[in-house]
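Below are the chains, spelled out letter by letter.
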Amino acid sequence: MGKEDFNLLKWMATYDKRWTYLLLFILVLLPMIYPIGMPISVSELTKEYYEQLETLEEGDIVLDSWSTEYSGYMELKPGMISSHKYFIKNGIKLFICLGHPEGLALVQALLDEELKSYMEKYDYTYGEDYIILGTALPNQAATLAMATDFQGSVKVDWKGDSIQGTFLDRIETGADIDMISDYTTGAGNPGLINHIVLTFGTPMIQNQIGVSLPGSLANKDAGLITGLLASTRGGSELELLVNEPGPGLIAMDAFTLGHYLLIIFIVIGNIGYFGWAKRVSEERERTTIR
Amino acid sequence: METWIFLSQIFQIFIAFCLFTTLYGKGNPLRSFAEYSYLAAGTAMSVMWAWNYIRDHAIIGLQAGEWIWIPAIILGLMMWFRIHPKYSYISRMPIAFTIGIGMGWTIRTNIFTQFITQISATIVPLFDQGAMWLFERTVIAVGIITMMSFFIYTTEIKGPHLWSATFGEYFMYLAFGAVFAGTFMGRLGLFVGHMQSYMFPVWKQPYTLGIAILVFVVMLWLDRSGLGEKLSA
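Here the protein sequences come in this chain order: A and B. The opening position of the first sequence corresponds to residue 1 in our numbering, with each subsequent residue numbered one higher. The opening position of the second sequence corresponds to residue 1001 in our numbering, with each subsequent residue numbered one higher.
So that you can see chain A by itself, here it is in the shape it has in the complex (with noise of 0.2 Å):
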């Protein structure tokens, strides 16, 4: 095709798609090394999520729940980082649960690496301000168990070692959780809602991924949890809150860069839709009636 026959319109249209993907890589790390500081506002989503954590009080037990893979954790990191900063600052006691074969490498992702020098500033130490139960929540039956029988459900942690003479001596049934902190990429595990929240009312707060945020916004509608953080922009907001930057922070330049980027794409992807193929896909079932 010569030059006069460029058709703009047309280009639009049919452009490779694949530049759109090499145009999103180069929009994510630029800013990452160049950092531009773009200013972020807190939702009231999030509000609300800090308000919850703020009910809680020294001492006070935390189920939490990592319903995520090693990839959905890059997105929920912000706020996991900060969720957890806000426990350990403020003496909570956790016990933590994996719903997820890959839920073994986020403890060291998680506590090893992010949280270890903010635990060794805070003295927050394994066995007495939390625990690791492992992959004690891998279905419904288990989290019915844990939440009727917790004594005679849950007898060692991760390790293998007994749990007794800990803080887990104080539960019973789900009734003896102060809070549920989920964090998941989807459904998660439903049935911390419906045999924990549903039977005791024990108040839970979730992180989710934007692609499943509908259906926590509906549980959150109807009360079932009580805050919601949404995606890595949520982590980002409460960071804010709790007043500890962290990768969200600096997440949100290449986060906003790649939002303008796909209205671009969806604008021009739309003036291409109707200038052209549209209007060809017209004109051929026009040619073929005749």
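Since the hints were derived computationally from the structure, they do not count as laboratory data. There's no promise every hint is true.
[To be verified] Here are the simulated lysine to aspartate or glutamate pairs, EDC-like style, with alpha carbons at most 16 Å apart:
id, chain 1, residue 1, chain 2, residue 2
1, A, Lys89, A, Glu48
2, A, Lys155, B, Glu1066
3, A, Lys116, A, Asp16
4, B, Lys1026, B, Glu1156
5, B, Lys1026, A, Asp16
6, A, Lys89, A, Glu54
Position chain B relative to chain A; hints supplied.
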């Protein structure tokens, strides 16, 4: 930093960019290598995860004299008959048992969480919490009624029903648009999170950029030389 940690981080970055070559739209051995490595590692972790669960609950439970685990272990072992064509029917028993229990839970709990509480959250007083509340709740109520009317197929759609169904249809378009926006936000969050883990700490940046360029050039070379599709699994 220990050498093996450094090497594992570099390998992690390399394998991630190999997986990203799938966006090019053509097969290549880099992507195949990364894909099968991930599957193999994921399978191994799942097996280990399941075994840990059995050890922590069933084996330790049995050692503590909890004989209730014996039928559970027997049911679990029955699942293995699935691999033998002649006796595969035996594996249907634990499956039926599991489905039965699942149905029991669903009827007992989901009727509240997915049905009654969701409906009662929709039917709320409109006028006691300000103008924004009134607007939001009205939109939700109108949206639900009109969208439901769209799915009434047993009568001819005409008159007020047609208006309502059309209104409901546009409500659904809005909802799909919001879901798409949420999906993009989520996927971008994932992508940015991954890129952050390859770019920070700052010492990773030259390696990440170098590996990205290297993988990109090799992918293009494989494609141009015709080896990409040929060597991919």
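Hey, Lys155(A) versus Glu1066(B), does the alpha-carbon distance stay inside 16 Å? holds (12 Å)
With a cut-off of 16 Å on the C-alpha distance, tell me whether Lys1026(B) and Asp16(A) pass. It holds: about 14 Å lies between the C-alpha atoms, which stays within 16 Å.
Tell me if the straight-line CA distance from Lys89(A) to Glu54(A) falls inside 16 Å. holds (12 Å)
For the pair supplied as a hint, Lys116(A) and Asp16(A), confirm whether the alpha-carbon distance does not exceed 16 Å. Not satisfied, since the Cα-Cα distance of roughly 45 Å exceeds 16 Å.
Sort out whether Glu48(A) lies within 16 Å of Lys89(A), counting only the CA atoms. violated (19 Å)
Quickly compare the C-alpha distance for Lys1026(B) and Glu1156(B) to 16 Å and report which way the hint goes. violated (48 Å)
Going down the numbered hints, you'll see the structure goes against 1, 3, 4, while the others check out.
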